[in-house]
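Asker: Sequence:
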Amino acid sequence: MARKTKEEALATRNLILDTAEHVFQSGGVSRTSLHEVAQAAGLTRGAIYWHFQNKADLFEAMLLRVVLPMECSLDSGEASRTQDPLAFLRKGVTEAFSLAVRDPQVRRVFEIASHKTEYVDELQVVRTRRIAFREARLADLERMFEAAMALGQISRRVPAPVAARGAHALVDGLMHNWLLDPSAFDLEEVGCAAFDTYLAGLAGTDATGAFQSIKQGLNEAIAHARGVQAGVKRPPRSVDVARLRERLGLTQEQFAARFGFSVATLHHWERGDRSPNGAALVLLNVIDRDPRAVMLALR
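Here the numbering used here is used: the first residue of the sequence shown is 688, the next is one more, and so on.
Keep in mind that a hint or two might mislead.
Restraint ranges, calculated between C-beta atoms of paired labels, are given here [stated by the list, open to error]:
hint	residue 1	residue 2	range
1	A856	Q792	24 to 30 Å
2	R958	Q726	43 to 49 Å
3	Y736	T815	21 to 27 Å
4	G839	Q792	38 to 44 Å
5	Q726	R961	40 to 46 Å
I should point out that these hints are in silico values taken from the structure, not numbers from a laboratory. By construction, the Cβ of each residue, glycine as well, lies at the ideal position given by its N, Cα and C atoms.
Can you make the complete structure from the sequences, with help from the hints?
Answerer: Right, here's the structure in full:
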């Protein structure tokens, strides 16, 4: 039998990885054997072992083919040069949410790593490496918050390590819950609104006036949502997003970047084929009520 060329070997390796993604997603990593992966790919077990030492090796190679949403590094040349750490951070989080929603392969691998894997036996080594990767991302977040504090964008009353871990827990938790039931909420809308609310809370005493104004507006909007104002049950009032954006003199890209919405979601709102709801609608009500206070707190 003729020896395989490099191109044929690479094609076989990619076939194994593609097949493993679907088999792992269907049956879980721990319950799936390499024999089952080989059968699904139409290959022998020998072909699997020629490319991968064991299941942990295969699983890690599958992870390395994609950049998972929470594993996007902020430690880049652009991050170190930015004059607006919070804007850079919001952009990264917005892109992470968008990646999870819009890239089928990323979403599939993220679901496997989050909900279809037990890090036991031979997969313990993968768990150790993922923890190390998480700690590296937390260190990146901590540096961004330290830079934001140095510029006076957020208060120092919450230590940077605590702010970093809270931000990571918020974003990671939103994505994990969304993966359980993607129909439960719009990850891009709700995720960005929740993250901006978190950042507004970190503004603290260094932006007291703006923060108090936002807090008051949020409380009023939440009261509407819960139907407790004057005993009348009604949701937050609808907001004409296009008119609000034009009133502020912002392009769609500028409005999305300034307030943490995705441009794609903004397009849907302005076309009218989707309406803001939940936390996104609350935030829009606050922006409509006092845009200067929101922009000051998120500056």
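Asker: With reference to the structure, classify each hint as holding or not holding.
Answerer: For each hint, the structure was consulted:
The beta-carbon spacing between A856 and Q792, approximately 26 Å, falls within the hinted interval of 24 to 30 Å. Remark: the range hint 43 to 49 Å for R958 to Q726 is upheld by a beta-carbon distance near 47 Å. Here the CB-CB span from Y736 to T815 is close to 23 Å, well matched to the stated 21 to 27 Å. The hinted range of 38 to 44 Å is satisfied by G839 and Q792, whose Cβ atoms lie roughly 41 Å apart.
A beta carbon spacing of about 43 Å between Q726 and R961 agrees with the range 40 to 46 Å that was offered as a hint.
Hint compliance for this structure: every hint is met.
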